[in-house]
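There are 2 protein chains.
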Amino acid sequence: MAGAHTLQETERQVSTLLRGMKIDFKAMAVVSNLFRAASAVRNHLEREILSRHGLSWTGFVVLWVVWVWQEIETRDIAEEVGTSKATLTGVLKTLERENWIAKRQSKEDRRLVIVTLTGDGKRLMKRIFPEFNKEEIYLAASLGTKERRGAADALRKMTIHAQNGPATKGKKKS
Amino acid sequence: MAGAHTLQETERQVSTLLRGMKIDFKAMAVVSNLFRAASAVRNHLEREILSRHGLSWTGFVVLWVVWVWQEIETRDIAEEVGTSKATLTGVLKTLERENWIAKRQSKEDRRLVIVTLTGDGKRLMKRIFPEFNKEEIYLAASLGTKERRGAADALRKMTIHAQNGPATKGKKKS
DNA sequence: CTCCACTCGTTAGGGTACGAACGAAAAGAG
DNA sequence: CTCTTTTCGTTCGTACCCTAACGAGTGGAG
Numbered sequence: 001m002a003g004a005h006t007l008q009e010t011e012r013q014v015s016t017l018l019r020g021m022k023i024d025f026k027a028m029a030v031v032s033n034l035f036r037a038a039s040a041v042r043n044h045l046e047r048e049i050l051s052r053h054g055l056s057w058t059g060f061v062v063l064w065v066v067w068v069w070q071e072i073e074t075r076d077i078a079e080e081v082g083t084s085k086a087t088l089t090g091v092l093k094t095l096e097r098e099n100w101i102a103k104r105q106s107k108e109d110r111r112l113v114i115v116t117l118t119g120d121g122k123r124l125m126k127r128i129f130p131e132f133n134k135e136e137i138y139l140a141a142s143l144g145t146k147e148r149r150g151a152a153d154a155l156r157k158m159t160i161h162a163q164n165g166p167a168t169k170g171k172k173k174s
Numbered sequence: 001m002a003g004a005h006t007l008q009e010t011e012r013q014v015s016t017l018l019r020g021m022k023i024d025f026k027a028m029a030v031v032s033n034l035f036r037a038a039s040a041v042r043n044h045l046e047r048e049i050l051s052r053h054g055l056s057w058t059g060f061v062v063l064w065v066v067w068v069w070q071e072i073e074t075r076d077i078a079e080e081v082g083t084s085k086a087t088l089t090g091v092l093k094t095l096e097r098e099n100w101i102a103k104r105q106s107k108e109d110r111r112l113v114i115v116t117l118t119g120d121g122k123r124l125m126k127r128i129f130p131e132f133n134k135e136e137i138y139l140a141a142s143l144g145t146k147e148r149r150g151a152a153d154a155l156r157k158m159t160i161h162a163q164n165g166p167a168t169k170g171k172k173k174s
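Taken in order, these protein sequences are the chains called A and B. The working numbering numbers the first residue of the first sequence as 1 and each following residue consecutively. The working numbering numbers the first residue of the second sequence as 1 and each following residue consecutively.
Read the hints as simulated data drawn from the structure, not as lab findings. Careful: at least some of the hints might be erroneous.
Since the list gives no way to pick out one identical chain from another, each pair is judged satisfied if it fits inside one copy or across any two copies.
[Claimed, not checked] DSS-like, lysine-lysine: derived pairs with alpha carbons at most 27 Å apart:
#	residue 1	residue 2
1	Lys107	Lys126
2	Lys126	Lys93
3	Lys22	Lys146
4	Lys134	Lys103
5	Lys134	Lys157
6	Lys126	Lys26
7	Lys126	Lys22
8	Lys157	Lys146
9	Lys146	Lys26
10	Lys26	Lys134
11	Lys22	Lys134
12	Lys122	Lys107
13	Lys157	Lys26
14	Lys157	Lys93
15	Lys122	Lys22
16	Lys134	Lys85
17	Lys93	Lys103
Note that this is a predicted model, so its numbers are computed, not measured.
Please build the complete structure, drawing on both the sequences and the hints.
Listed below in structure tokens is the structure:
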């Protein structure tokens, strides 16, 4: 799964294809490994836990966010989960059809939609989350204590860095 | 984007919701940060580079793999990219429509389809990849030299670990 | 109060994602 | 050689995911 070409082979190939251009293979490896890891971990958790309950990855994350906040507006869910509002509309429809969440209109601002967990939804999370965390422990167990902290820190730094605009220009966010 | 609730708040909430169940918040933080980072980095690269060329993330990764291998069977692309064969069929159709790749039937085994880059595809990669790597350098620059190596190692370990079966049972892969 | 700029969630349209089922082709068994 | 099993890429159905455009609601300017 990690690719039949080794890093050295890939480097040689790319060097040939881009003769004269300087490529940073260390930076490439970090980003590449980030996505391999995220993909592998996600597939692992979907296979071992989520699929058994008929739940998608995004569906679970949405459920988790609503569970922790207890009551939350859809725009905040989208922000928290990291998807567009349009995507969330579809996901919420699925979760509502399964009777895990309920939507209601805000009285203060009638544009807003407030989401809560149903009884079924709460029971589902209460059962799933410990299973989920058990797999998280399994995954984190591949790292030593120090390494685990280092990885969490490094990932957090990259997240913040990625959100603060591009390498070339000096754009600002709101 | 990192959530209006701090990790401490979340911990307290979850502790209340799961009274009596032991939850490992360190493990949770590693997995959570992994996905925040992957999502942020992917969005960053899509916005800054890929969208400008009308290219999706997966489309780019497929193009990259074909570029490095020069000639590759679709089953190997799927393995390398980390998607299902079904997904790849659709992505290849898109890339073919844009005239970036070409497909042909293998003569030794007529079930196989072999993919290559067209001239347009090669030119595209030769232009995009250095831009892409520049952003990778920017992203990796948030980490120190030692930290960068540590992160790459930790991510690789987690990838392998995630692919080697669940926490509970003793399944084996092929 | 009226107009206008803004924000809310939804819809429309197209690409990506999966498992399951498919026909074609290849490889093994007898 | 035939029969069965396996493997290939594709198709089908459904869900996710994005941007752009939309109608509804809010709030500020005059």
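Hints, one by one, checked against the model:
1. Lys107 x Lys126: neither (30 Å within a copy, 55 Å between copies)
2. Lys126 x Lys93: Classified as within: same-chain Cα gap 22 Å, cross-chain 43 Å, threshold 27 Å.
3. Lys22 x Lys146: between (33 Å within a copy, 21 Å between copies)
4. Lys134 x Lys103: Classified as neither; 31 Å inside a copy, 44 Å across copies.
5. Lys134 x Lys157: The answer is both: 26 Å in one copy and 18 Å across copies each meet 27 Å.
6. Lys126 x Lys26: between (42 Å within a copy, 19 Å between copies)
7. Lys126 x Lys22: between (51 Å within a copy, 12 Å between copies)
8. Lys157 x Lys146: Classified as both: same-chain Cα gap 17 Å, cross-chain 14 Å, threshold 27 Å.
9. Lys146 x Lys26: Both, since 22 Å and 11 Å are each at most 27 Å.
10. Lys26 x Lys134: For Lys26 and Lys134, the Cα distance is within 27 Å only across copies (12 Å; inside one copy 32 Å).
11. Lys22 x Lys134: between (43 Å within a copy, 10 Å between copies)
12. Lys122 x Lys107: within (24 Å within a copy, 57 Å between copies)
13. Lys157 x Lys26: both (17 Å within a copy, 17 Å between copies)
14. Lys157 x Lys93: neither (34 Å within a copy, 37 Å between copies)
15. Lys122 x Lys22: between (53 Å within a copy, 18 Å between copies)
16. Lys134 x Lys85: neither (31 Å within a copy, 30 Å between copies)
17. Lys93 x Lys103: For Lys93 and Lys103, the Cα distance is within 27 Å only inside one copy (10 Å; across copies 39 Å).
When the structure is compared with the earlier hints, violations turn up for hints 1, 4, 14, 16 and for no others.
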